[in-house]
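Taking the working numbering, the leading residue of the sequence shown gets 1, the next gets one more, and so forth.
Keep in mind the hints are simulated off the structure, nothing from the lab.
Please note that a few of the clues may not be correct.
Subject to a maximum C-alpha distance of 30 Å in a straight line, what follows is the list of computed DSS-like cross-link-like pairs (lysine-lysine) [stated by the list, open to error]:
#, residue 1, residue 2
1, Lys86, Lys114
2, Lys114, Lys82
3, Lys86, Lys47
4, Lys47, Lys67
5, Lys47, Lys82
6, Lys82, Lys67
7, Lys86, Lys67
8, Lys114, Lys75
9, Lys66, Lys114
10, Lys66, Lys86
11, Lys66, Lys47
12, Lys114, Lys67
13, Lys86, Lys75
14, Lys75, Lys47
15, Lys82, Lys66
16, Lys114, Lys47
Here are the computed distance ranges between Cβ atoms for each label pair [to be verified]:
#, residue 1, residue 2, range
17, Lys114, Ser78, 30 to 38 Å
18, Lys66, Asp95, 27 to 35 Å
19, Pro93, Asp64, 25 to 33 Å
20, Asp85, Asp56, 16 to 24 Å
21, Glu96, Lys66, 13 to 21 Å
22, Ser78, Gly110, 17 to 25 Å
23, Gly111, Asn54, 29 to 37 Å
24, Asn54, Pro109, 27 to 35 Å
25, Asp95, Gly65, 27 to 35 Å
26, Arg55, Ser102, 17 to 25 Å
27, Pro93, Gly65, 30 to 38 Å
Model, not experiment: these values are computed from the prediction.
The C-beta atom is built at its ideal place from N, Cα and C for all residues, glycine as well.
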Amino acid sequence: MKLWCQRVALAAAFAGLCQAPAAVAASRNVGSGLIGNTVELTGPAGKTSIYYVNRDDLVVRMPDGKKVRGWWRVKGRSICTKTGDKPENCTDPIDEPPVAGSSGVLTGPGGDIKWSVIEGRAF
1 MKLWCQRVAL
11 AAAFAGLCQA
21 PAAVAASRNV
31 GSGLIGNTVE
41 LTGPAGKTSI
51 YYVNRDDLVV
61 RMPDGKKVRG
71 WWRVKGRSIC
81 TKTGDKPENC
91 TDPIDEPPVA
101 GSSGVLTGPG
111 GDIKWSVIEG
121 RAF
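Whole structure, please, built from the sequences with the hints as guidance.
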């Protein structure tokens, strides 16, 4: 029984060592899956699409169809965007980096916003 417990403890310790570098890599690359892809946000105000042109630039198509240029950056485990004279907007910390095909729901004071990452430029 003692040998079995040691093996379980060793396996758990090994699993922890294997997961730590992945978590660090995820935090460093939290925005890498966005480059060249579009994030669609659908909520009470309508649908907004954000195309991440490269590591710095983005184009936003507003619900009214107007296109606005801006920039983005990774700040720790958050993705921050800025367009026009609006203040920078950052996500809550992200555990799972978004990639084409991923989706979810953000809950905020104005209601739920559904998001999805679409491969390429979707507008």
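Hints, one by one, checked against the model:
Between Lys86 and Lys114 the CA atoms are separated by roughly 22 Å; this keeps the pair inside 30 Å, and the hint holds. At roughly 20 Å between alpha-carbon atoms, Lys114 and Lys82 fall within 30 Å of each other, so this suggested pair holds. Restraint check: the Cα-Cα separation between Lys86 and Lys47 comes to about 19 Å, which is no more than 30 Å; the hinted pair holds. With a C-alpha separation of about 13 Å, the suggested pairing of Lys47 with Lys67 holds against the 30 Å cut-off.
Between the alpha carbons of Lys47 and Lys82 the distance comes to roughly 18 Å, so the proposed pair stays at or under 30 Å and holds. For the hint linking Lys82 to Lys67, the alpha-carbon distance of about 14 Å falls within 30 Å, and the restraint holds. For the hint linking Lys86 to Lys67, the alpha-carbon distance of about 15 Å falls within 30 Å, and the restraint holds. With a C-alpha separation of about 22 Å, the suggested pairing of Lys114 with Lys75 holds against the 30 Å cut-off.
Of the supplied pair hints, the one linking Lys66 and Lys114 holds, its CA atoms being roughly 20 Å apart against a limit of 30 Å. In summary, the hint linking Lys66 to Lys86 is supported, as the alpha carbons are separated by about 16 Å, within the 30 Å threshold. Between Lys66 and Lys47 the CA atoms are separated by roughly 12 Å; this keeps the pair inside 30 Å, and the hint holds. At most 30 Å may separate the alpha-carbon atoms for a hinted pair to count; Lys114 and Lys67 meet this at roughly 20 Å.
For the hint pairing Lys86 with Lys75, the CA-to-CA distance comes to about 18 Å; that is within 30 Å, so the pair holds. For the proposed pair Lys75 and Lys47, the alpha carbon gap of about 25 Å is at most 30 Å, so the pair holds. Using a Cα cut-off of 30 Å, the hinted pair Lys82 and Lys66 holds, with the two alpha carbons roughly 16 Å apart. For a cut-off of 30 Å, the pair hint linking Lys114 to Lys47 stands: about 9 Å separates their Cα positions.
Checking the proposed 30 to 38 Å range against Lys114 and Ser78 shows it is violated: the Cβ atoms sit about 19 Å from each other. Distance hint check for Lys66 and Asp95: the Cβ-Cβ separation is about 33 Å, which falls inside the suggested range of 27 to 35 Å. The hinted range of 25 to 33 Å is satisfied by Pro93 and Asp64, whose Cβ atoms lie roughly 31 Å apart. In this structure the supplied range 16 to 24 Å holds for Asp85 paired with Asp56, their Cβ-Cβ distance being about 19 Å.
For Glu96 paired with Lys66, a C-beta distance near 31 Å fails the hint of 13 to 21 Å. Our hint of 17 to 25 Å for Ser78 and Gly110 holds, since their Cβ atoms are close to 19 Å apart. The beta-carbon spacing between Gly111 and Asn54, approximately 31 Å, falls within the hinted interval of 29 to 37 Å. Asn54 and Pro109 have their C-beta atoms about 32 Å apart, which keeps the hinted 27 to 35 Å range intact.
Checked against the hint of 27 to 35 Å, the pair Asp95 and Gly65 passes, with Cβ atoms roughly 34 Å apart. The given range of 17 to 25 Å is respected by Arg55 and Ser102, whose C-beta atoms sit roughly 19 Å from each other. Between Pro93 and Gly65, the C-beta spacing of about 32 Å keeps the proposed range 30 to 38 Å intact.
Checked against the numbered hints above, the structure violates hints 17 and 21; every other hint is satisfied.
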